Each structure stands twice: as C-alpha cells, then as structure tokens.
Amino acid sequence: MAVRLHRTVTCPALLSHRHLYTSIRSTISITITHPRQNPLTFSRCRRTYTKTSARYSEPLAPRIARGESKLFSSADDAVADLKSGSTILSAGFGLCGVAETLIQAIARRGARDLHSLIAVSNNAGVAKVGGLALLADAGQISRLIISFLGNNKTLEKNYLTGKIAIELCPQGTIAERIRAGGAGIPAFYTPTGVSTLLQEGRIPVRLSSDGEVLEHGKKREVREFKGRKFLMEEAITGDVAILRAWKADEAGNCVFSVGPIMAKAATLTIVESEEIVPVGSIDPNDVDLPGIFVDRIVPATAEKHIEIKKLREMNSGTSATKETPETVQRNRIAKRAAKELKEGYYVNLGVGIPTLATSFLPEGRTVWVQSENGILGMGPYPTKDEVDPDIVNAGKETVTLVPGASTFDSPESFGMIRGGHVDVSILGALQVAANGDLANYMIPGKVFKGMGGAMDLVSNPNNTKIVVATSHVAKDGSSKIVQRCDLPLTGAKCCVFEVDRENGELALTELAPGVDVDEIRAKTDAEFRIADNLKSME
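In this text, residue positions in the sequence shown follow full-length UniProt numbering: the first is 1, and each later residue adds one.
Hint data in this document are derived by calculation from the structure and do not stem from the laboratory.
These numbers were taken from a predicted model, which means no experiment stands behind them.
Fair warning: there could be bad hints in the mix.
Keeping only pairs whose Cα atoms sit at most 25 Å apart, straight-line, the calculated SDA-like set for lysine to any residue is [said to hold, decoys possible]:
id	residue 1	residue 2
1	Lys219	Lys247
2	Lys229	Gln483
3	Lys335	Lys475
4	Lys339	Glu323
5	Lys247	Gln483
Simulated DEER-style distance windows between Cβ atoms [as the list claims (entries may be wrong)]:
id	residue 1	residue 2	range
6	Pro389	His472	17 to 23 Å
7	Lys219	Lys309	38 to 44 Å
8	Arg223	Val129	41 to 47 Å
C-beta atoms are modelled at their ideal positions from N, C-alpha and C, and glycine is treated no differently.
Please put together the full structure from these sequences, using the hints given.
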C-alpha cells in the first residue's frame with residue numbers, strides 16, 4: 001500500500017481603487033493506493049469534507065469563487081447552481097427576517113430541476129405566503145429539520161400523510177447545533193429534552209400515507225454531570241445558507257436583523273440585503289457577520305411579510321380585542337399568572353395566554369420580558385404607526401421595545417434560558433401532571449405543532465420558576481390536570497395548583513370566584529390536597 005501526500009496553496013488577490021484584500025485557500029489531499037483496489041482520495045477544504053472516487057458524486061455545495069466579486073445582479077443567478085439533495089440552512093423566525101427573495105428564486109427553479117432538499121430552520125413559514133413553506137408546498141423539500149410548525153396546516157397535513165419528513169428539534173438546541181457546526185465542534189451536551197421522547201428517539205420523523213411510523217428520530221446519548229442528566233446533540237452543517245441582511249458591503253460584511261450562525265455553518269452562504277454599500281461604509285463595530293462567512297450578495301427585492309399584526313389602541317398597553325366569555329377567562333388566568341412576577345424579574349412569556357400576563361402588572365412594577373427569538377425588554381403591541389415587521393414576539397406577533405431593551409441571536413437567547421438567568425417562565429399546556437410533568441406540543445396522530453422553545457424553557461426548573469397558564473379543561477371537557485401525562489412530555493417535573501416536585505403532588509391554593517372544591521375535583525383527573533390557607537383568587 002502506498003500513501004502520497006499532496007499540498008497546494010493558492011493566494012488569489014483582488015486590487016481595486018477602493019480596497020485590497022487577499023484570501024488564502026489551502027487544499028490537502030491524501031491518496032491511499034492498494035495493489036488490488038482503486039485509489040480513494042480524501043480532500044479537505046474550506047468547511048467541506050468529501051470522499052471522492054469513481055463511485056461518489058461531486059460535493060453538493062456550489063463552487064466558491066475566491067477573488068471574484070461577491071455581488072450578483074439577481075437572486076436567480078445566485079441560486080442557479082444549487083443542486084438537488086442539498087442541505088439548505090434558512091435564517092429567520094416565522095416570516096420575520098426570512099430570505100424571501102432567495103426563497104422565491106429557488107422556487108422558480110421548480111421541483112423537476114431542484115428537488116430532494118433538506119431544509120433547516122426554526123420553522124417553515126406560512127403556506128402560500130412565504131418562508132420555506134413555498135418550497136415545501138412545491139415539492140422541492142423532502143425533509144425539514146425545524147422546531148415549530150405553528151399554524152401551517154398544509155405542512156402538518158403533508159407530514160401526517162407521509163408526503164414530507166419532519167425532524168423536530170427544540171429551538172435552543174437547533175440554534176446551538178448550528179452554532180457548533182460553524183465553530184467546528186462536532187457535538188455537545190444539553191439538559192433540554194431529558195426524560196422526553198426526544199431522549200428516547202421516539203418522535204416520529206416520517207409516516208406512511210395511513211399514519212404508520214416509518215422512521216423515528218435518533219436516540220440521544222445520556223450523560224450525568226454534577227447530578228444532572230444531559231443529552232448529547234450533534235452539530236448541524238449545510239451546503240448552502242440563505243440569509244437576509246439590513247445592510248451589506250461589497251466584501252460581505254453584514255448588519256443583520258437575524259441569522260449570523262447560519263452563515264458560519266454552511267459551505268456557501270448567500271445573503272440578500274436591503275441595502276448594499278461600498279467597502280468601508282460600515283463601521284467595523286457595527287458588523288454582525290464578517291465577510292469571510294459570505295460568498296454571494298444579492299439585492300433584497302421581496303416584500304417583508306408580517307405573520308400576525310397585533311395593534312394596541314393609542315395610549316393603551318393592551319390589544320384592541322372584543323370581550324367574549326373566552327377572553328374573560330383568558331384574562332383571569334393571565335391576571336393570576338402576573339402575580340408571580342416581582343419587581344425587576346427577567347421573565348419569558350410563551351405563546352397564547354402567557355403573553356397577556358404583563359398587561360395585568362400593578363402600576364409602577366417593572367419586569368424585563370425576554371422573548372426567545374432574541375429580545376430582552378419587550379414592550380406592548382405597537383400602534384399602527386409603530387409597526388415594524390422585524391420586531392415580533394415568540395408568537396410571531398408585532399411588538400415594541402422598551403427603553404433599555406436589547407436584541408440578540410438565538411444562541412445568546414437560549415444561553416440565558418438554559419443557564420437559569422431567567423427568573424420566571426410562563427407557558428401554556430395540553431396536560432400537567434401531579435409530579436410537575438408538562439406536555440404542550442403534540443397529540444400523536446392529530447396535532448403536530450412542534451416544541452419550539454418550550455423544552456429549553458423548562459430545562460432548568462431549579463433556577464427558573466415554571467408557571468403554567470392554561471384553562472382547567474380542554475375543549476372536549478377532559479381535564480388538563482392529570483395524575484400522569486399520556487401525551488409526549490415537554491419537560492419532566494417542571495411545573496392555581498402548586499407542585500411539590502420532590503413528593504410529586506399537587507396542592508390547591510386558590511379558587512376562582514364562583515368555583516368550589518367539588519367542581520375542581522370533578523374536573524381534575526389528578527389527586528391533590530387542599531392547602532391549609534386556601535383562598536379566593538383576586
């Protein structure tokens with residue numbers, strides 16, 4: 001057997017009247033020859049590892065043209081060499097910050113020319129409106145790796161009937177997997193998903209047309225550190241990343257609304273920018289993504305969409321909604337949840353009833369509302385004149401920022417959450433068990449929404465108080481408060497009942513006006529004790 005090592009280094013440089021830059025590309029190839037076998041070559045280059053021989057196809061990522069201009073006149077030209085079977089990393093949150101110009105250009109390629117794509121994103125957008133849903137609806141995507149489907153009924157139906165594979169991954173974990181991929185870290189450990197179907201590898205990924213499970217998720221390795229269990233998650237990388245920037249210069253330096261981690265984890269990155277400026281026009285301190293991670297730049301021409309426009313009345317902090325028996329109930333629950341928020345607390349609010357809690361804070365009380373999509377210091381819904389499509393909450397609703405607010409990317413956001421820096425997290429629920437187990441993201445065979453950021457939010461209950469804000473019974477009259485959850489868990493032992501997580505029991509501490517203990521017993525499947533200081537809910 002003979003082993004030969006080859007090393008070539010090229011240094012293309014481009015000189016213009018505005019700037020000089022030099023890029024270095026190194027390629028190391030090792031050829032192993034056996035007397036009775038064909039040579040196999042392993043090549044290593046920028047963010048790409050490929051095995052090539054007569055039996056293996058070329059890499060899926062398009063060619064990176066060092067030394068050439070990164071500017072493309074149109075998105076169609078920039079995506080013309082994307083290949084079927086590629087893994088696409090798509091930045092954005094719902095319809096906010098999505099590379100809509102590039103997605104539309106990919107859709108124009110058609111399913112016959114570009115298909116079998118694997119797409120990675122937080123979620124898939126809205127059917128017939130925008131986001132990756134456009135590619136999924138067109139049959140160009142065969143597999144999605146996302147955290148949340150939301151209200152995309154078309155995608156949910158296609159999954160439940162076996163037309164597309166969907167690998168669910170918690171929002172914080174998917175962000176960290178991408179960040180790790182871009183940093184060259186193959187795997188890491190996280191508390192998110194411990195004691196859930198994610199750990200066991202039992203979340204269905206692909207179904208048959210009649211609902212039979214054809215493929216499950218991958219079982220996670222479990223290790224214990226300092227008495228806590230953690231799951232091992234593997235990094236995610238892609239062939240192509242598509243992002244939207246607010247501003248980019250001709251060298252690829254970008255000022256972003258969202259998304260830098262995607263660019264770092266892909267072999268080739270295409271950015272659509274609302275404004276393209278000459279090199280030197282952006283202050284180095286304002287650069288969110290250095291040009292080394294950007295390979296192609298196109299003008300952003302697609303209109304920005306707003307997924308859920310929520311408005312408040314002038315001089316009011318609440319949404320202008322009509323009062324119904326349902327809203328009265330929701331407001332009562334939110335008002336009680338608000339009592340858990342003390343002065344100066346850092347608080348995360350889930351989708352639905354939890355988002356109403358801050359509307360019922362006592363006058364003069366200040367809390368800092370964190371939204372997992374990257375806001376600390378979230379304010380009320382905007383007035384008509386304040387609407388900004390780039391500022392939304394976790395439910396994709398338009399919001400505002402309060403003085404002193406900050407914005408950041410998903411890894412930063414979920415570092416706050418998993419690290420226990422958030423004081424209180426308020427979530428909705430499908431079921432809550434006597435021992436504090438929480439289920440709020442899936443009803444097998446019927447509802448397939450995804451866990452979003454919920455698994456991360458309940459991953460550190462010793463440092464973050466978990467408050468569940470939900471109606472006592474479901475629409476069919478069944479109790480949501482159960483002895484043991486029979487729906488897939490969002491988190492174990494994480495949870496007005498108070499939960500004793502050590503002894504696994506519930507205590508009834510407050511009653512709503514007009515409700516007695518007998519009614520609570522009739523509508524609660526779980527056993528509970530009555531607190532000595534039982535009182536009426538204000």
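So, going through the hints one by one against the coordinates:
With a CA separation close to 41 Å, the supplied pair Lys219 and Lys247 exceeds the 25 Å bound. This hinted pair checks out: Lys229 and Gln483 have alpha carbons roughly 24 Å apart, not beyond 25 Å. Proximity of Lys335 to Lys475 is assessed by CA-CA distance (about 22 Å); at most 25 Å being required, the pair is judged to hold. For the hint linking Lys339 to Glu323, the alpha-carbon distance of about 22 Å falls within 25 Å, and the restraint holds.
A hinted pair counts as satisfied when its Cα atoms are at most 25 Å apart, and Lys247 with Gln483 does not qualify at roughly 53 Å. Checked against the hint of 17 to 23 Å, the C-beta distance between Pro389 and His472 comes to roughly 37 Å, which is inconsistent with it. Evaluation of the 38 to 44 Å hint for Lys219 and Lys309 yields a pass: the beta carbon distance comes to about 42 Å. Distance hint check for Arg223 and Val129: the Cβ-Cβ separation is about 42 Å, which falls inside the suggested range of 41 to 47 Å.
This entry does not satisfy hints 1, 5, 6, going by the numbered hints stated previously.
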